[in-house]
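Spelled out from the first residue to the last, the chains are:
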Amino acid sequence: MAEYALNIARAKYVEIRIERREGNEILYVNGEIKSVDFQENYGMTIRVIDNGVGFCFSNVVSKREIKKCVERAEKMAKLQKKVRLSDEKAHEDKWYLKGDFPVVDEKIDFIKSLDEMLKEHQRVFSYNDEIVEKLYMNSDGSKIYSKIPRIYLYYLLTIHNGKVEQMHREFGNAGGWELIRKWRVDKNILHDLSFLSDLIKKGEKAPSKGDVILGPYITGLIAHESCGHPFEADRILGRESAQAGKSYATEKLLGKKFANECISIADNPTLPNSYGYYKYDDEGIKARERILIKEGVVNEFLHNRQTAYEMNCKSNASARATYGKEPIVRMANTYFMPGDYSLEEIIEDIKEGVYMVTYMEWNIDDVRINQKYVGEEAYIIRNGEIDGIAYHPSIEISTFEFYKKADAAGEKLQFYPATCGKGDPMQGIEVSTGGVDIRIRDVRIK
Amino acid sequence: MINLLDKFDKFIAREIERRSKQIRFYKNRIEVIKEWKIKVLELTLSKNGKVVGISIENANRDKLEKAIENADKVMKYLSPIPLEIGVDENYINKKTFDKNVLDNEKLLSKAEEAINYALEKGKETAGTLYGIVEKIKIWNSEGIEQSDRNSMAYLSIRVFKENSSAHEVSCSRKLEKIDEKVGRYAGELANMTKEAKKVKEGTYDVVLSPLAFSNLISYFSSFSSAFAVDAGFSFLKNKMGKKVANECISIRDSGIERDGIFSRKFDDEGVATRETSIVENGILKNYLHNSTTAKKYGVKTTGNAGIISPVSWNTLVMPGDYNKEEVIDEINGLIITNLWYTRFHNYMTGDFSTVARDIAFYAKNGEILHAVKGIRISDNLERILKNIVALSKEVKQIYWWETENPVFCPYAMVRNARITTA
Numbered sequence: 001m002a003e004y005a006l007n008i009a010r011a012k013y014v015e016i017r018i019e020r021r022e023g024n025e026i027l028y029v030n031g032e033i034k035s036v037d038f039q040e041n042y043g044m045t046i047r048v049i050d051n052g053v054g055f056c057f058s059n060v061v062s063k064r065e066i067k068k069c070v071e072r073a074e075k076m077a078k079l080q081k082k083v084r085l086s087d088e089k090a091h092e093d094k095w096y097l098k099g100d101f102p103v104v105d106e107k108i109d110f111i112k113s114l115d116e117m118l119k120e121h122q123r124v125f126s127y128n129d130e131i132v133e134k135l136y137m138n139s140d141g142s143k144i145y146s147k148i149p150r151i152y153l154y155y156l157l158t159i160h161n162g163k164v165e166q167m168h169r170e171f172g173n174a175g176g177w178e179l180i181r182k183w184r185v186d187k188n189i190l191h192d193l194s195f196l197s198d199l200i201k202k203g204e205k206a207p208s209k210g211d212v213i214l215g216p217y218i219t220g221l222i223a224h225e226s227c228g229h230p231f232e233a234d235r236i237l238g239r240e241s242a243q244a245g246k247s248y249a250t251e252k253l254l255g256k257k258f259a260n261e262c263i264s265i266a267d268n269p270t271l272p273n274s275y276g277y278y279k280y281d282d283e284g285i286k287a288r289e290r291i292l293i294k295e296g297v298v299n300e301f302l303h304n305r306q307t308a309y310e311m312n313c314k315s316n317a318s319a320r321a322t323y324g325k326e327p328i329v330r331m332a333n334t335y336f337m338p339g340d341y342s343l344e345e346i347i348e349d350i351k352e353g354v355y356m357v358t359y360m361e362w363n364i365d366d367v368r369i370n371q372k373y374v375g376e377e378a379y380i381i382r383n384g385e386i387d388g389i390a391y392h393p394s395i396e397i398s399t400f401e402f403y404k405k406a407d408a409a410g411e412k413l414q415f416y417p418a419t420c421g422k423g424d425p426m427q428g429i430e431v432s433t434g435g436v437d438i439r440i441r442d443v444r445i446k
Numbered sequence: 001m002i003n004l005l006d007k008f009d010k011f012i013a014r015e016i017e018r019r020s021k022q023i024r025f026y027k028n029r030i031e032v033i034k035e036w037k038i039k040v041l042e043l044t045l046s047k048n049g050k051v052v053g054i055s056i057e058n059a060n061r062d063k064l065e066k067a068i069e070n071a072d073k074v075m076k077y078l079s080p081i082p083l084e085i086g087v088d089e090n091y092i093n094k095k096t097f098d099k100n101v102l103d104n105e106k107l108l109s110k111a112e113e114a115i116n117y118a119l120e121k122g123k124e125t126a127g128t129l130y131g132i133v134e135k136i137k138i139w140n141s142e143g144i145e146q147s148d149r150n151s152m153a154y155l156s157i158r159v160f161k162e163n164s165s166a167h168e169v170s171c172s173r174k175l176e177k178i179d180e181k182v183g184r185y186a187g188e189l190a191n192m193t194k195e196a197k198k199v200k201e202g203t204y205d206v207v208l209s210p211l212a213f214s215n216l217i218s219y220f221s222s223f224s225s226a227f228a229v230d231a232g233f234s235f236l237k238n239k240m241g242k243k244v245a246n247e248c249i250s251i252r253d254s255g256i257e258r259d260g261i262f263s264r265k266f267d268d269e270g271v272a273t274r275e276t277s278i279v280e281n282g283i284l285k286n287y288l289h290n291s292t293t294a295k296k297y298g299v300k301t302t303g304n305a306g307i308i309s310p311v312s313w314n315t316l317v318m319p320g321d322y323n324k325e326e327v328i329d330e331i332n333g334l335i336i337t338n339l340w341y342t343r344f345h346n347y348m349t350g351d352f353s354t355v356a357r358d359i360a361f362y363a364k365n366g367e368i369l370h371a372v373k374g375i376r377i378s379d380n381l382e383r384i385l386k387n388i389v390a391l392s393k394e395v396k397q398i399y400w401w402e403t404e405n406p407v408f409c410p411y412a413m414v415r416n417a418r419i420t421t422a
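Those protein sequences? They're chains A and B, same order as listed. The first sequence begins at 1 in our numbering and counts up by one. The second sequence begins at 1 in our numbering and counts up by one.
Rather than coming from a laboratory, the hints here were simulated on the basis of the structure. Idealized CB from N, CA, C, for every residue including glycine. Among the hints, a few may not be true.
Pairwise CB distance ranges (calculated) [to be verified]:
#1 B:K364 - A:E32: 39 to 45 Å
#2 A:T419 - B:K364: 42 to 48 Å
#3 B:K296 - A:G141: 55 to 61 Å
#4 B:T96 - A:K209: 57 to 63 Å
#5 A:G162 - B:K73: 44 to 50 Å
#6 B:K239 - A:G31: 22 to 28 Å
#7 A:T419 - B:R29: 29 to 35 Å
#8 A:K351 - B:L119: 53 to 59 Å
#9 A:K182 - B:K296: 42 to 48 Å
#10 B:R29 - A:G255: 28 to 34 Å
#11 B:N332 - A:G31: 47 to 53 Å
The list that follows gives simulated cross-link-like pairs (lysine-lysine, DSSO-like), each with its CA atoms no further than 27 Å apart [to be verified]:
#12 B:K106 - A:K81
#13 B:K39 - A:K134
#14 A:K294 - A:K405
#15 A:K134 - B:K10
#16 B:K27 - A:K78
#17 A:K147 - B:K37
#18 A:K446 - B:K373
#19 B:K121 - A:K81
#20 A:K119 - B:K296
#21 A:K119 - B:K27
#22 A:K147 - B:K66
#23 A:K412 - A:K351
#24 A:K209 - B:K373
#25 A:K81 - B:K135
#26 A:K187 - A:K112
#27 B:K39 - A:K67
#28 A:K112 - B:K121
#29 B:K285 - A:K163
#30 B:K200 - A:K209
#31 B:K324 - A:K68
#32 A:K112 - B:K123
#33 B:K106 - A:K67
#34 B:K121 - A:K67
#35 B:K239 - A:K314
#36 A:K147 - B:K73
#37 A:K112 - B:K237
#38 B:K242 - A:K163
#39 B:K200 - A:K404
#40 B:K27 - A:K81
Based on the provided sequences and hints, a complete structural model is requested.
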């Protein structure tokens, strides 16, 4: 059927994506199952490029519907705006990632065992898994079949003990049920319970100025928000300006020194079992690691075929789409590349400062300069040692100041799953954020 | 086909058929037209107190039989959970419907006009225009069989001029009521390019435009869901009958608003939608309920099902006594025209921050002295609501990327909002 779409299309370029998603969601609140839901999606998207772009989605997958969709998309694509795609090698391939899921009782028993650890507290567990099967074909000759399972768990823990404190965590991978035990969710819960209790009893105000170490959970987010997003070429070119915003970056930034030499940031879809894993993007381009910042110098942006054409380069396989939506430039797994320092070495010469390990609240402006992170698990550093718990320290810092003041990168890289929002209509897509301990010197702490 | 569900003690079946179109433009040109056609059957099935939800696209008898077989298999592993299906057939259907929201030519023409208006004063523009038509049928084990149809259109346009930008939206159930001139208003606002300066951190009186205020109110609406209260996603726990806002604030949820783009004849159980007071003169009056949460709280459903989590339809912030100009004329502080990236540090205390987006101003005695850059509100939502001292008579329906449920929203003046900077 997919070939039929290509055969009947008259436009210069046409692509079809037929997609099936089977998913299961379980919601557990305060010791009670709230819902056990099963979804099956099966539909097709057709994208035609003539002058402009015509895009049609239907969840009726039949020859008759394909013909209607192609005709409608071709008609819609006759617009003033001239869209062109970079020339790319066509691929024919099939790729799979192994992974299955058990029947629902095993999943419920697992969540129940975690829930019982928190029975004296307010808590939410949200679990989902899915298997996504896609067939992608385009008029340039690409034909790619893929099948990938994904698994995810979220919890929000609230404790009341004079004060109210909350902590949430996410766990996720591409792969099946066998990965869930590796997350050690139980260990995280015990840690969070103990920390929040100590925070209420012993949390103290952080110093108002000093050196700050941001842990991997926060720096992963920083890599995503202040480097990954602004390096999305569609944002640089203004295509997302009405919603997700623009970027401080311009083409002139390529090859320029942007950060201290200890900073290198990559985005890599090919990391095995990573939450943002894929082998080919949703334009049929073979995925590879993208080095965004190399030893402080801006190296490359994230491209789909449209932005690559406009910037006169090749796509680096960053086109991704959620079910029924258009492929747009997205991150996959964005991370600070490890440095040489142990945490002890990073701390040892700090006279006064804080070590921020987790956050609840963060935000950044729509050109990705003015960013804020508020610590939930955070510690005070005095004379080179952890010396107490910091109560909700926050930093508000410009992206340029952050990358200039970052002077040490830790050796231990850790990844965290996330759902990244972008596009109109909104497309929440699976990514991971990877971080190492990063030290920034002489910043205002609130 | 639906009679296959009679074997369950309780069931709800909702068939949703939705057609959507989007015109998307950037750098002053329309780049893409998109169309979606989707049909889905959503089932909630209960036997011996065990409940399963199943979603089937393009359902037919075979798919439904397979889904029922799967539900039977899964149920043996589940424990019973509460599921109530209410009955209230006092349907009020005064909302308008307009099939023209899917007319390609009319949508294109509207988008082109909006772009042209934007470029009268602006230099660059981007945005989207949507048209959506939805048909919903519902059947449940209480014997309800009803249908509904809805239309909505909305234009979201951002205009840039040098280092400045402004955003406007227009939302309606009818395409002809979409005001393409919002492109001009955004252009005029973006063109007020007085030099943007930093301001010191501290407390400021702040005027929030409807676009900015609606962002905070849409979070408040989600916090008023009884599910959010139970799960720890709301600061409204144990606040019933207590003051949560200044007395000038009254907030309602309405599923029956004539031009409300989320108005619905019935909720996800089949219960008639209505208008519900959430806050009356600053006092918390009701959470939003489905029949299950209502039973738990010992109250009647408010017709806001969501099967698991009650949802808001259209949020109405009741208008104030002031003209828009009067709200602004009084200001000694900041005027914020848009907000984004609102994030909560603690849902149960309401501590949050949000970033001012697009043009913002510093004003003294209502006179704009300069534009402002790099500010965020870092405060507490309950405190913000308690510090609102004036609302405009003018109310605008807002729905866009950062206001995910429609809010009929006035201008608001907040005393002593905490402003922080990088």
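Outcome of the hint check:
Separated by about 55 Å at the C-beta atoms, B:K364 and A:E32 break the suggested range of 39 to 45 Å. Evaluation of the 42 to 48 Å hint for A:T419 and B:K364 yields a pass: the beta carbon distance comes to about 43 Å. As the Cβ distance of B:K296 to A:G141 is approximately 58 Å, the hint placing it in 55 to 61 Å holds. Between B:T96 and A:K209 the beta carbon distance is about 58 Å. The supplied range of 57 to 63 Å therefore holds.
Range check, A:G162 to B:K73: about 47 Å between beta-carbon atoms, so the 44 to 50 Å window is met. Taking the beta carbon of each, B:K239 and A:G31 are about 23 Å apart, inside 22 to 28 Å as hinted. A beta carbon spacing of about 31 Å between A:T419 and B:R29 agrees with the range 29 to 35 Å that was offered as a hint. Distance hint for A:K351 and B:L119: a CB-CB separation of about 55 Å, consistent with the stated range 53 to 59 Å.
As the Cβ distance of A:K182 to B:K296 is approximately 37 Å, the hint placing it in 42 to 48 Å is violated. Distance hint check: the CB atoms of B:R29 and A:G255 are about 30 Å apart, consistent with the given range 28 to 34 Å. Against the hinted window of 47 to 53 Å, the Cβ-Cβ separation of B:N332 and A:G31 comes to about 51 Å, which satisfies the hint. Between the alpha carbons of B:K106 and A:K81 the distance comes to roughly 19 Å, so the proposed pair stays at or under 27 Å and holds.
Distance restraint check for B:K39 and A:K134: the Cα-Cα separation of roughly 20 Å lies within the 27 Å cut-off, and the hinted pair is therefore satisfied. Between A:K294 and A:K405 the CA atoms are separated by roughly 17 Å; this keeps the pair inside 27 Å, and the hint holds. Distance check on the hinted pair: A:K134 and B:K10 sit about 36 Å apart at the alpha-carbon level, beyond 27 Å; violated. In summary, the hint linking B:K27 to A:K78 is supported, as the alpha carbons are separated by about 17 Å, within the 27 Å threshold.
Using a Cα cut-off of 27 Å, the hinted pair A:K147 and B:K37 holds, with the two alpha carbons roughly 24 Å apart. Annotation: proposed proximity of A:K446 to B:K373 holds, straight-line Cα distance about 20 Å (limit 27 Å). A C-alpha spacing of about 22 Å is found between B:K121 and A:K81, which places the hinted pair at or below 27 Å, so the restraint holds. For the hint pairing A:K119 with B:K296, the CA-to-CA distance comes to about 19 Å; that is within 27 Å, so the pair holds.
The suggested pairing of A:K119 with B:K27 is violated, with an alpha-carbon distance near 54 Å, which exceeds 27 Å. Using a Cα cut-off of 27 Å, the hinted pair A:K147 and B:K66 holds, with the two alpha carbons roughly 23 Å apart. Restraint check for A:K412 and A:K351: satisfied, since their Cα atoms lie roughly 23 Å apart, inside the 27 Å limit. A C-alpha spacing of about 23 Å is found between A:K209 and B:K373, which places the hinted pair at or below 27 Å, so the restraint holds.
For a cut-off of 27 Å, the pair hint linking A:K81 to B:K135 is broken: about 33 Å separates their Cα positions. A threshold of 27 Å between alpha carbons decides the hint, and for A:K187 with A:K112 the separation of about 15 Å falls inside it, so the pair holds. The straight-line distance between the Cα atoms of B:K39 and A:K67 is roughly 18 Å, inside the 27 Å bound, and the hint therefore holds. Restraint check: the Cα-Cα separation between A:K112 and B:K121 comes to about 59 Å, which exceeds 27 Å; the hinted pair is violated.
Between the alpha carbons of B:K285 and A:K163 the distance comes to roughly 25 Å, so the proposed pair stays at or under 27 Å and holds. The straight-line distance between the Cα atoms of B:K200 and A:K209 is roughly 17 Å, inside the 27 Å bound, and the hint therefore holds. As the CA atoms of B:K324 and A:K68 are separated by approximately 49 Å, the hinted pair breaks the 27 Å bound. Distance check on the hinted pair: A:K112 and B:K123 sit about 57 Å apart at the alpha-carbon level, beyond 27 Å; violated.
Proposed proximity of B:K106 and A:K67 is supported: the alpha carbons are some 24 Å apart, at most 27 Å. Proposed proximity of B:K121 and A:K67 is contradicted: the alpha carbons are some 43 Å apart, above 27 Å. With a CA separation close to 57 Å, the supplied pair B:K239 and A:K314 exceeds the 27 Å bound. The suggested pairing of A:K147 with B:K73 holds, with an alpha-carbon distance near 25 Å, which does not exceed 27 Å.
A distance of roughly 25 Å separates the Cα atoms of A:K112 and B:K237; the hinted pair therefore holds under the 27 Å criterion. Only pairs whose Cα atoms come within 27 Å are accepted, and B:K242 paired with A:K163 is accepted, the gap being roughly 20 Å. Between B:K200 and A:K404, the direct Cα distance comes to roughly 23 Å. Compliance with the 27 Å bound is thereby established for this hinted pair. About 10 Å separates the Cα atoms of B:K27 and A:K81, which keeps this hinted pair within 27 Å; it holds.
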